[in-house]
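Participant: Listed here are the chains, written in short residue letters.
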Amino acid sequence: MKVVVCTKQTPSTTAVFSVNNGAVSWEDSGGKPNVVNPWDEYAVEEAIRVKENHGASQAIALTMGTPDSQEALKTCLAMGCDEAILVSDPSFAGSDTLGTARILAAALEKIDGAKVVIFGKQAIDGDTGLTPVQVARKLGWTPVTYVSAIKEIKGHTITLERLLEDGKETVTTDLPVVISVVKEINEPRYPSFMGIRKANRATIPTWSAADLNISGGVGAGASQADWSHVYAIPAREGSVEIIEGDSVEEKVAALVDKLFEEKVI
Amino acid sequence: MDFTHEHEMFRQMVRKFVQTEIDPHIDEWEEARIFPAHDLFKKMGNLGLLGLTYPEQYGGGGVDYWYNAILLEEVGRTQCGGVPMAIAVQTDMATPALAEHGNDYQKETFLKPAIAGDAVFSIAVSEPDAGSDVAAIRTRAVLDGDEYVINGSKMWITNGTQADFLCLLTRTSGDYGFRGMSLIVVPTSTPGFSVSRKLEKLGNHSSDTAILSFDNMRVPVRNRIGAEGMGFMLQMRQFQQERLAAVLMSLSGVEQIIRTTINYTRERHAFGKPLLNNQWIYFKISELLTEVEAQRQLAYHCVRRFVAGEDITREVSMAKLKGGRLAREAADWCLQFHGGMGYVEEYPMARYFRDSRLMSIGGGADEIMLRIIAKLEGILPEGE
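Respectively, the protein sequence lines represent chains E and X.
When you line the first sequence up against the working numbering, it's residues 2 to 266, in that order.
When you line the second sequence up against the working numbering, it's residues 80 to 463, in that order.
Calculated from the structure, these hints are not laboratory results.
Check the hints yourself; a few may be wrong.
Claimed, not checked - Listed next, the in silico DSBU-like pairs over lysine-lysine satisfying Cα-Cα at most 35 Å (straight line):
1. K155(E) / K3(E)
2. K122(E) / K95(X)
3. K199(E) / K191(X)
Start from the sequences and build out the full structure, keeping to the hints where you can.
Facilitator: This is the structure we're talking about:
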């Protein structure tokens, strides 16, 4: 059994998001490079723990992205993943979540023995949270979202704990599964110094469109989503009014009248 | 290029470690006047941070000093001087001579646990009557069979109340002068060792600094690093790395406090405009940033030469001198631009003002650096 963690390279959390004429940019004055999507760090940690604690033979990191996404994959290797694979092709540019799911599903089908696929709950740039479920749908595997613990992997089944708004629930389902995890699941480890050294010596294979048997359209042309109107939320305009009065009681009465008037209470 | 992508990955890892494992605890450790050295060093040891340049055979990283430079720059970012100093004692002040000149037994017994974070080290050179004047030390080790019997005391010892091992400079012959000293590794569990007292200092509160006392302390001869009588020379070499570490740590601290001041003066309004919009302030800050950049280039020049195995005594003495003065100047100006907020403990300025003062005193005072530079430039008067 292999466990695969799907990660995305995103701007760092200190980057400043801005929109100029519909073009989105993420600038980081500190020059901090792109990073593994912070939500995915929990997924990487959990994949390594599945290998350490639940008998997976390999923990593999998988990313779809531009060639520079190799840097994020190196972080996954430095944390402890055994192998990393980059899926990259110019034709993938502009894919929406469905296109991305088609590409990732084709890549996962190519990994012999993959039984558990782990995602972070969402990416900090797109923030859709759709890809894990869409990948599961494409593969015909069971999707389980908001996973806060992998309790047991036994035979052909996996038992998971989900963190919901009002509590937790335990789910047992057949393998293979695609799960997305929440930050409560673990505390991601630091990449070790030796891990960083090893990762930088590793060769990361790149799979192109020609290497995969992708079902359905990918890239900007096949995208069902339309991002033609991206804009920054305008700054909220507000005003301050000081309630005047001769006594506290008078000021409170005036304030209450005002709040009724504005339908606040 | 000095830094590769691998270096940058390493920098990000250390930065995250500092932000997670050190920054949130600084206020508590400053208040307690001590930090949990064994706990923090173990975490650092697990990540391979305490012996980056040391041989892999003993758990080290076996890489060049640029990695250590990154480590020091990043730990220097935390908002206190005490913890970075304590870390540097472990990595750059108390263990370099052991790693370079120790034998296999010594490296296996003392260096390996230091790299793993299982043992805390102190460097014990200064004494109540001998600080910058190292040749005046009086702690004495007398040979008795296969042991040294050591008597004396040491002062200003960082990690002093928590250390498991001391790298001790002691006199093994003669009464004064640089001849007749030896470096000996002393386990603090040895009978006759005691901590006389912990010192209350102006700054670096999170670091424990102690006076140590040795009363007929018997230490095996095999704990001596290198040949007998070579201690002064080994310590002088070790001092160069100590000074380089101080320069690198100070660099990120001073830059950090200037950036903090920029942010503060941008948000703080007076007379209808941000403080930063006053030419007096933005000119002074620009000057300070220029000094920092120049200092960074001098520091990196030292690292380049150090990595190449060259003698950096002249350059690192200049960098240490300049680093101390720059830290003092920046601390003073940045505090001034914070106004009252620079004088209260709620803001990082007051602590930086206290902590940064040590840079011109510890590891060889400014006046010692000036003397070294004068000597190497051939302008030190004869007999001085």
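Participant: Which of the numbered hints are not met once you compare them with the structure shown?
Facilitator: Hint check: nothing fails, all pass.
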